[in-house]
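Participant: What follows is each chain in one-letter form.
There are 2 protein chains.
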Amino acid sequence: MPRIVVDVMLKPEILDPQGKAIAGALPRLGFSSFEAVRQGKRFELTVEGEVTEQILTQAREAAATLLSNPVIEDVVNVEVVAD
Amino acid sequence: MPRIVVDVMLKPEILDPQGKAIAGALPRLGFSSFEAVRQGKRFELTVEGEVTEQILTQAREAAATLLSNPVIEDVVNVEVVAD
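Going down the list, the protein sequences come from chains A and B. Its first residue numbered 80, the first sequence is counted upward by one per residue in this note's numbering. Its first residue numbered 80, the second sequence is counted upward by one per residue in this note's numbering.
Don't read these hints as lab results, they were simulated from the structure. Keep in mind that a hint or two might mislead.
Result set (DSSO-like, lysine-lysine): computed pairs, CA atoms no more than 30 Å apart in a straight line [stated by the list, open to error]:
1) A/120 x B/120
2) B/90 x B/120
3) A/120 x A/90
4) B/99 x A/120
5) B/90 x A/99
6) B/99 x B/120
7) B/99 x A/99
8) B/90 x A/120
9) A/90 x B/120
10) A/99 x B/120
11) A/99 x A/120
12) B/90 x A/90
13) A/90 x B/99
Here are some, though not all, of the chain B residues that point toward chain A, as calculated from beta-carbon distances under 7 Å [as the list claims (entries may be wrong)]:
14) 113
15) 118
16) 119
17) 141
All C-beta atoms in this analysis are idealised placements derived from N, C-alpha and C, irrespective of residue type, glycine included.
The following block holds chain A by itself, in its conformation from the complex:
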């Protein structure tokens, strides 16, 4: 069944303590190539049948209202993934 993937990240100006903690842990574990880390969320919405333009519009609306908090987060990607 096709899925719609929605990616949500904190807005760039919002502090991300979880990402900061990971950025601090990486060099301690020997991974020294990364300047910064930010953590966001990924949602997979399963659709039965075909992903129509109407369903995609619904997914974009759901992403903007339920899956993200528009005050502090950006929806950075909404895309269809077929299996």
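For chain A, the structure is supplied; the task is to place chain B on it using the hints.
Facilitator: Relative to chain A, chain B alone:
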């Protein structure tokens, strides 16, 4: 600066109560097109300069050891995103 995006999802056999709660909320808000929802994590690792094969290998190792819990999660994607 280029970023490496790492996507982590719970393994299919692991229950996802957060995704289930979202799947229940969607139709109540008028979004009736989705059969199921699963929530995962997305990480953005910022790299200074070019993303070499060595840095990408480091990102894959970090994804498998620090960014995911291999007992319950799968790393579903590691990719380079240029700005």
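Participant: Each of the hints needs a verdict: does it hold here or not?
Facilitator: We went through each hint and held it up to the structure:
1. A/120 x B/120: holds, 4 Å
2. B/90 x B/120: holds, 12 Å
3. A/120 x A/90: Answer holds: residue 120 of chain A to residue 90 of chain A is near 12 Å, not above 30 Å.
4. B/99 x A/120: With Cα atoms ~15 Å apart, residue 99 of chain B and residue 120 of chain A stay inside 30 Å; holds.
5. B/90 x A/99: holds, 26 Å
6. B/99 x B/120: holds, 16 Å
7. B/99 x A/99: holds, 29 Å
8. B/90 x A/120: holds, 16 Å
9. A/90 x B/120: With Cα atoms ~16 Å apart, residue 90 of chain A and residue 120 of chain B stay inside 30 Å; holds.
10. A/99 x B/120: holds, 15 Å
11. A/99 x A/120: Satisfied, since the Cα-Cα distance of roughly 16 Å is no more than 30 Å.
12. B/90 x A/90: holds, 28 Å
13. A/90 x B/99: Status holds; Cα separation ~26 Å.
14. 113: Status holds, d = 5 Å.
15. 118: holds, 5 Å
16. 119: holds, 4 Å
17. 141: Since chain A brings a Cβ to about 5 Å from residue 141 of chain B, closer than 7 Å, the hint holds.
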